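Asks: Sequence:
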Amino acid sequence: MRTYERTNPWLKFHLDMRPASPEIWLDLGEIASKCEHLANLPLRPETREQMHRIYLAKGVAATTAIEGNTLSEADVRKAVEGKLKVPPSKEYMKQEVDNIIAACNGIGKAVVSSDPPQISAELISSYNRQVLESLPLDKDIVPGELRGHQVVVGDVYRAPVAADCSYLLEKLCTWLQGEDFKATKGRETVYAIIKAIIAHLYLVWIHPFGDGNGRTARLVEFHILLAAGVPSPAAHLLSNHYNQTRSEYYRQLDQASKSGGDVIPFLRYAVCGFVDGLHEQMNLVWDQIWLIVWRDHVHEQFQNRTHPSDLRQKQLAMDLAVKADWVVVADIPELSPPLAKAYAGKTSKTIQRDINRLKKMDLISREGRKVRARVEIIISFLPLQRIPKEN
136 MRTYERTNPW LKFHLDMRPA SPEIWLDLGE IASKCEHLAN LPLRPETREQ MHRIYLAKGV
196 AATTAIEGNT LSEADVRKAV EGKLKVPPSK EYMKQEVDNI IAACNGIGKA VVSSDPPQIS
256 AELISSYNRQ VLESLPLDKD IVPGELRGHQ VVVGDVYRAP VAADCSYLLE KLCTWLQGED
316 FKATKGRETV YAIIKAIIAH LYLVWIHPFG DGNGRTARLV EFHILLAAGV PSPAAHLLSN
376 HYNQTRSEYY RQLDQASKSG GDVIPFLRYA VCGFVDGLHE QMNLVWDQIW LIVWRDHVHE
436 QFQNRTHPSD LRQKQLAMDL AVKADWVVVA DIPELSPPLA KAYAGKTSKT IQRDINRLKK
496 MDLISREGRK VRARVEIIIS FLPLQRIPKE N
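Sequence positions in the sequence shown follow this note's numbering and run 136 to 526.
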């Protein structure tokens, strides 16, 4: 008998999904479905790049914030763009963020290849090395090397003895490639999500490295999701969820070990957050699709009309949709550079005529001194359906 079997008996390396509630399976199915939709929806290049930057920044900010990094999400966005500057006292925080950005980008390049690397002890160690690169560390901690001392996490959780770490890491990697995570055809994404979350949980339990275990676990989770075909923005959602619900995250980790290794509640917690994050992402995508349909509709309304006033009014109808809110009439020339140029030298009467024309075409609404695009008319383009009333 190895020491961990006596001290950490919850490390069972066995997954029984039979006690999982129907809600977990429904959420997993919804995640797989929404990931498929997200992966197959063509995005405008600027929207695709925006989503990549936003959710990379959210994921990196989340996984470092959990460990105490106080750089904001806006700071991390600048780091993603290579524009972040910090005072010397915060340089180590920037280094930590840069490490995770580089690791995520590296995983992305490796995993989208035709033959993504399998999760192995060597790969996990390389991720830990990237996490801790150039950071100030205690003298007994070497990036990428297994710890040689006992650790207690948060003054509560006592990790397995150091002598068992190598064995446990190898056992974990073998288990992740085994029958417990073999998916039936068409269910690959569902089982990959389960595998990613369980891999994260077990790595945190094993705590094989002297530092950076949580960040390493979340990189492994990201790797597994990407390798299963989950779109990159969605693959960052779990880290973001753990950070946004940090106290519950730690409570769920604690309860999972105290329960003797019942992983279902932690799985339920993680999956629920994943669904919520996907709803937010899909809203961004639908906003783009609605805008594209609106632009097509406006173009059709002005088809074969090339007078300068027609072009100006068409531009106004499209820019109001981008604004997606009420706009004060006097502010219309400031909506975009094209409108500023179109209204240069024109009086307020020209703006009023344009508003009246667009209102007559049913493209805008007006209330007093404010106007907005009537994008809701696109609803009439949807298939006929009954929308149930909310209770």
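Rather than coming from a laboratory, the hints here were simulated on the basis of the structure.
Be a bit skeptical, because a hint or two may be false.
Pairs of lysine-lysine, DSSO-like flavour, derived with a Cα cap of 30 Å [claimed, not checked]:
#	residue 1	residue 2
1	K306	K147
2	K476	K495
3	K449	K274
4	K306	K213
5	K505	K484
6	K484	K495
7	K218	K244
8	K225	K213
9	K320	K274
10	K244	K229
11	K169	K220
12	K218	K458
13	K494	K458
14	K169	K225
15	K147	K218
16	K494	K169
17	K476	K494
18	K213	K169
19	K505	K481
20	K320	K306
21	K481	K213
22	K147	K225
23	K306	K317
24	K218	K229
25	K244	K220
26	K495	K505
27	K169	K393
28	K393	K449
29	K220	K274
30	K213	K244
31	K147	K458
32	K274	K317
33	K244	K317
34	K229	K213
35	K481	K494
36	K505	K494
37	K458	K476
38	K244	K306
39	K458	K393
40	K476	K505
Values in this document were obtained by computation on a predicted structure and should not be read as measured data.
Asks: Which numbered hints turn out to be false for this structure?
Replies: Violated: hints 3, 4, 9, 11, 14, 15, 16, 21, 22, 27, 28, 31, 32, 39.
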